[in-house]
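Heads up: the sequence lines are chains A and B, in that order.
Using the working numbering, read the first sequence as starting at 340 and increasing by one per residue.
Using the working numbering, read the second sequence as starting at 340 and increasing by one per residue.
Since the hints were derived computationally from the structure, they do not count as laboratory data.
Just so we're clear, the structure is a prediction, and the values are computed from it rather than from any experiment.
Mixed in with the good hints there might be a few duds.
Identical chains share a label here; the pair holds if one copy fits it or two copies do between them.
[As the list claims (entries may be wrong)] Only pairs whose alpha carbons sit at most 25 Å apart, straight line, appear in this in silico DMTMM-like list of lysine to aspartate or glutamate:
| # | residue 1 | residue 2 |
| --- | --- | --- |
| 1 | Lys-970 | Glu-677 |
| 2 | Lys-423 | Glu-1007 |
| 3 | Lys-423 | Asp-511 |
| 4 | Lys-924 | Asp-1006 |
| 5 | Lys-423 | Glu-456 |
| 6 | Lys-924 | Glu-888 |
| 7 | Lys-656 | Asp-1006 |
| 8 | Lys-462 | Asp-527 |
| 9 | Lys-1014 | Glu-653 |
| 10 | Lys-927 | Glu-734 |
| 11 | Lys-550 | Asp-478 |
| 12 | Lys-1013 | Glu-786 |
| 13 | Lys-656 | Glu-701 |
| 14 | Lys-401 | Asp-468 |
| 15 | Lys-750 | Glu-786 |
| 16 | Lys-1013 | Glu-685 |
| 17 | Lys-462 | Glu-1016 |
| 18 | Lys-1014 | Glu-787 |
| 19 | Lys-924 | Glu-653 |
| 20 | Lys-1013 | Asp-745 |
| 21 | Lys-1013 | Asp-939 |
| 22 | Lys-924 | Asp-511 |
| 23 | Lys-532 | Glu-791 |
| 24 | Lys-481 | Glu-888 |
| 25 | Lys-552 | Glu-456 |
| 26 | Lys-1014 | Glu-456 |
| 27 | Lys-552 | Glu-976 |
| 28 | Lys-549 | Glu-1016 |
2 protein chains.
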Amino acid sequence: MKAGDDEGEQSSQQPGGEAAGGKVQSKLSAAASAASSSGSGWTKVSCPCCVSEWVEPLVLLKLGPKVGPETKRWVIKLIGAPQKDGGAGLLAHPGEDACGNIIVVSAPRCTLLRAAEELGLCKTYENGDMEAFSYSDRDNFKDSDNMEVFLTSAERQYMVKYELDGLRAQRDLRVPGLSESCVLLKRDNIWRKLGSFGVIVDTLPLHNPKKLKELGEGWYAGNQLVQPLDRINEYFGSCVAFYFSFLDFYTWSLLPPAILGMSIAYFSGDVQREMVESVSGSKAAEDQGEPGLVISGHMVQAVFSMIWSTVVMELWKRRSSSLSYRWGTMNLAERFAEPRPEFHGELGVNPVTRRVEPLFSEGQRHLRMALVSVPVVGLFLGLVVLGMTCFYWGEARVQQLHKDWDSLLSKALLYVPSVLHIVYTNMLATVYKTVAQSLTEYENHREESAYENHLTGKVLVFTFFNYFAVLFHIAFFKQDVPLLRKRLASLLIMSQLVNQVTEIVIPYLVDRFISAPNRMESEDDPEEDKFRNQRSLPPFPGLFGEYIELLVQFGYLSLFSCVFPLTAVLLLLNNLTEIRSDAYKICKLFRKPFYPPASDMGVWQIAFEVLSFVSVVSNCWLLVLSPRLQKKCQDGEMSSTNLLLGAVIVEHFLILVKVILAALIPDEPGWIRKKREHIEYTSMQALKHQKLQTEES
Amino acid sequence: MKAGDDEGEQSSQQPGGEAAGGKVQSKLSAAASAASSSGSGWTKVSCPCCVSEWVEPLVLLKLGPKVGPETKRWVIKLIGAPQKDGGAGLLAHPGEDACGNIIVVSAPRCTLLRAAEELGLCKTYENGDMEAFSYSDRDNFKDSDNMEVFLTSAERQYMVKYELDGLRAQRDLRVPGLSESCVLLKRDNIWRKLGSFGVIVDTLPLHNPKKLKELGEGWYAGNQLVQPLDRINEYFGSCVAFYFSFLDFYTWSLLPPAILGMSIAYFSGDVQREMVESVSGSKAAEDQGEPGLVISGHMVQAVFSMIWSTVVMELWKRRSSSLSYRWGTMNLAERFAEPRPEFHGELGVNPVTRRVEPLFSEGQRHLRMALVSVPVVGLFLGLVVLGMTCFYWGEARVQQLHKDWDSLLSKALLYVPSVLHIVYTNMLATVYKTVAQSLTEYENHREESAYENHLTGKVLVFTFFNYFAVLFHIAFFKQDVPLLRKRLASLLIMSQLVNQVTEIVIPYLVDRFISAPNRMESEDDPEEDKFRNQRSLPPFPGLFGEYIELLVQFGYLSLFSCVFPLTAVLLLLNNLTEIRSDAYKICKLFRKPFYPPASDMGVWQIAFEVLSFVSVVSNCWLLVLSPRLQKKCQDGEMSSTNLLLGAVIVEHFLILVKVILAALIPDEPGWIRKKREHIEYTSMQALKHQKLQTEES
């Protein structure tokens, strides 16, 4: 058997993957193929440099239940055909036999390298610098002969998806084995059409069990303080790696406010008393002659958390840019690549790349956003407010009723407004998600990342509003600091308990009792079955939920922490377990997700920064409401106008400080700036050089 | 005579310059040269393509009084030597004879084209697009064979200065004819050293009288509504052209606030009465039963001027970017060019361009700024405040004295504080300017533009503070709106009168009675004398004064206009004459200035934007102080706390609107963005291509 003979040679090339890989290979080649391809079951490659005995299965395609062998053969041929003939230039394997309903897809070296250039990935050049990868210059990049070292596993799998998604019909054609109505027109996106015809039901990247196990051991299994970010990037891609990097960075940066919060809680009598009140619910004894410091723990906490949030976000930007350099995503060429499959418009010449592709004017997109998206989002935000108003109104009515009747029925009625409100909020959120998706689709963004950012932005605004509307209402309208403190403490403790349960306990139980029995596959099962098993896992729900959790935390901390100084401590404890539970979740409980290379956190970066600005306003306002200052006002020591005036001046000063801080801390470290400028300089030089070359030739 | 014979051929090449040029040429060639060069008096060029009969005199060098013919010959040789031999690669003409104290410098085609590439200028490519000029691809750029069409006159003259400034000694050498102590060390900047030895006293670009006359006719002479911006750019360079473009744009954009201001002044009784008061100085009759609208003219004016200032600045950014595309300065390569002559540091390899040059770490520069520049600037701002405090204290004392004594002496004493304050302020400003210069020099900026921007920024902050400290003091501390209105009106009217006098009347008188007699040169005077005459004009004082005038105007309008609605009208009238007087000044009364190509207004852009943010704060505060609202407070219809709270909410809302507006209006028009992205794309492609080429060769 060929695969066995090669094992020795392979192990030198691909450390860590040889055992699992060898097995996959042997299984797949053992399954005699009925497809038109020859060799070990995989389709043939057109290019001599890509011929290799070892083919790594990357992506699993699940075919629809009614797809006949004729159609399957056509799809395999399409995947295997060279790109110049309208194919994807990939490798396809029909699985066990031509009738099975899966196709395993891999990619030859040339296709991967071309995709790496198209996506604008940077890789290590022979001189050790990161440079934009160029296919024609491939031999000068380090490890460019070994795809499993050169490209990360996430990149290879995303590239397969990228090639499949980019397939367009070169002429009108009919898919063999399907009904007459299933016709592909010229320039139709083939993959989307096959999906709508029911030919392709699912496209999922395959886990590599051995690598996954190694990754998990260095990540959530032990008590490591440092997360294996590079390996996360290798296995799950830079989007996921950026999330975990941020989680890591943010958790560490919680240390200073946690220490400050604890010392304030320990040393400040005021704060201790208030916290006891908020937990016990009863009013403790009044302030008994504590020295009347004007600067209370509240103020220290408020000013500190404002400065802290700015510094943290600025430092994160620097970290983020050095990570994106390290991972080769600093120079992504999404703008210059093919538009996303769903993008539509009239065919024309792209003024930037001079390629023929669908065009859609920026102006029209802005018009759609302004006239459709913004009003609709506003409407939903209005519905949230309406819901809250109705809830307060209902509660007041019900309490009145309860006072009047004082029966068991009226007592039960007391819960009705809350329940109705929760149901209403959840329904609204579900409807909104669908609406946001269609709105963003309607906006017709050219790039995948633009689409994602606009969708995330929409959902984000709504979710944030949903979470914080009540707190803002209490702080700004009711102006009731004790209630705010109570609400914040209960939200913090409750939401963390709920999160811990949903993120650790339930996943563990599911894994132990539901998934584990399914995983009881014998070692001798064909690889195809193992691949099929991966389909039984639910798809990864995306990072939105994880990010929003962090954002809400960050909001609690920076907006309201001055009323409850232990916030940071609670968050720190929570995040230390959060890191592990999130890691466990993504590794064990879901299918592996496809993630495109990303150069930063996208719209989340902006969300955190906006929050850190709002925090100045909120903290200054809470300072005005702080009990000690209010008491002074009541005692006539200070007019409330002067108090307000003081707060406004402090606020403006702090905003100024924030703006200056943000301007002074450069967004990228000096060495990255130099590298970037060097790339700019050389490409400028190259442009001049090239014009000459074109002239001469 | 050669020059005469060529006249016909020249006229086809250089429209508009033939008559003047022909004359210059004939004069210069008539003066038999004693220098080592041959031909028509100019030094020889090394490159065959640059040999031409017609040489345009660009720059005049004035030698020191004690410079002997030996030194002059050495300087001429240095200017004429090719760049690879350490010379400037320019053309030098010794003037009348070798003993005369001027050298006329011009530039051959190759040197100009190389400099155009080094500076990163964009020029029209054969396909009509603007592309970064590349020397090796010169033949594909339109008009690249005729320097007088291809490069603007300002560019050609700046390039001569650029080449001279960039001269560095290739080895230790002694300048012939100078004392032993005048030695050039290796890598010394020759031009700076020659200046310090007293060899070169002055370097000035030469006016082209014919072109200047044409430019003036289309600019300040007639009643044109549109300024000839392209011709200004051609003659004076993009810095000056940007100033006049902004002045033009800003003047037109004053129309809406002027119309609004007039209608408010016409329709609002309140405002009319207040304005009469502020002009007459006496208190007019009280408000007599005008319908108690809550929204007064003040509020409309305040909100309008906040939105207006944002929109104007955003639209200007768009205009600015299309102008810089039009003038080929969108892609300047200053970062990649040689550092400015004054830049010093340890020799090393520049990590961006990989050239050997002095290096100075960014971190050290920041340290110097933070530890030296910021405290010193702060100190001077403190001195301004101190001066103001002393002035108020002195005035109070003197008034007290006058009350006590009531004599003529005490009456005279009343003026002492004002006079002392004016003297103090002026002295401070003079000292500060010198200090700012040495601080910026100490910061050791690599690029000329960075140096200029930091210097301008420092002076700007101080000047602005100086102008507005009194107004802010009245508005925020004294909270005296009538005084503010009176002060603003008198400042506006006074400063405009003063400006008109200094900018129109005095220049005219000077030109008529002092300059004109000097200009009484006969047509037969040698050209050298005419050149020498240009030296008699004072050097152009720079655009700082012009910009600061606009900034202060903009400040009056956006910060305080709600107390005096006719501000915009007065400014509009002022600016219509300002355009003409500024144009007259730069054309007639000063030497032609050297200006490097610029892609925008630099630091002034930021200053205007910052001002437009401060305007929100100031306007909201003035709203709180507005008489009608204050009256309501006094009548008890509204608590002052609620009033303040309302103002704060309005302020935050308007800042939000401003931020959203600024984010929504793109900084560059769509077509420019596409062009820019296309350039980025092609240079990315070229980089990949070039690596391949390098490999193959």
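Going down the list of hints, with the structure as the test:
no.	hint	result
1	Lys-970 with Glu-677	neither (64 Å within a copy, 65 Å between copies)
2	Lys-423 with Glu-1007	neither (41 Å within a copy, 38 Å between copies)
3	Lys-423 with Asp-511	within (17 Å within a copy, 63 Å between copies)
4	Lys-924 with Asp-1006	neither (32 Å within a copy, 43 Å between copies)
5	Lys-423 with Glu-456	within (17 Å within a copy, 39 Å between copies)
6	Lys-924 with Glu-888	within (15 Å within a copy, 63 Å between copies)
7	Lys-656 with Asp-1006	both (6 Å within a copy, 23 Å between copies)
8	Lys-462 with Asp-527	neither (33 Å within a copy, 41 Å between copies)
9	Lys-1014 with Glu-653	within (20 Å within a copy, 32 Å between copies)
10	Lys-927 with Glu-734	neither (44 Å within a copy, 80 Å between copies)
11	Lys-550 with Asp-478	neither (28 Å within a copy, 57 Å between copies)
12	Lys-1013 with Glu-786	between (28 Å within a copy, 15 Å between copies)
13	Lys-656 with Glu-701	between (28 Å within a copy, 19 Å between copies)
14	Lys-401 with Asp-468	neither (41 Å within a copy, 50 Å between copies)
15	Lys-750 with Glu-786	neither (55 Å within a copy, 76 Å between copies)
16	Lys-1013 with Glu-685	between (41 Å within a copy, 18 Å between copies)
17	Lys-462 with Glu-1016	both (17 Å within a copy, 23 Å between copies)
18	Lys-1014 with Glu-787	between (27 Å within a copy, 22 Å between copies)
19	Lys-924 with Glu-653	neither (30 Å within a copy, 47 Å between copies)
20	Lys-1013 with Asp-745	neither (74 Å within a copy, 71 Å between copies)
21	Lys-1013 with Asp-939	both (19 Å within a copy, 24 Å between copies)
22	Lys-924 with Asp-511	neither (44 Å within a copy, 70 Å between copies)
23	Lys-532 with Glu-791	within (22 Å within a copy, 59 Å between copies)
24	Lys-481 with Glu-888	neither (40 Å within a copy, 58 Å between copies)
25	Lys-552 with Glu-456	neither (31 Å within a copy, 56 Å between copies)
26	Lys-1014 with Glu-456	both (19 Å within a copy, 22 Å between copies)
27	Lys-552 with Glu-976	neither (66 Å within a copy, 73 Å between copies)
28	Lys-549 with Glu-1016	neither (40 Å within a copy, 43 Å between copies)
Violated hints, listed in ascending order, are 1, 2, 4, 8, 10, 11, 14, 15, 19, 20, 22, 24, 25, 27, 28; each of the other numbered hints is respected by the structure.
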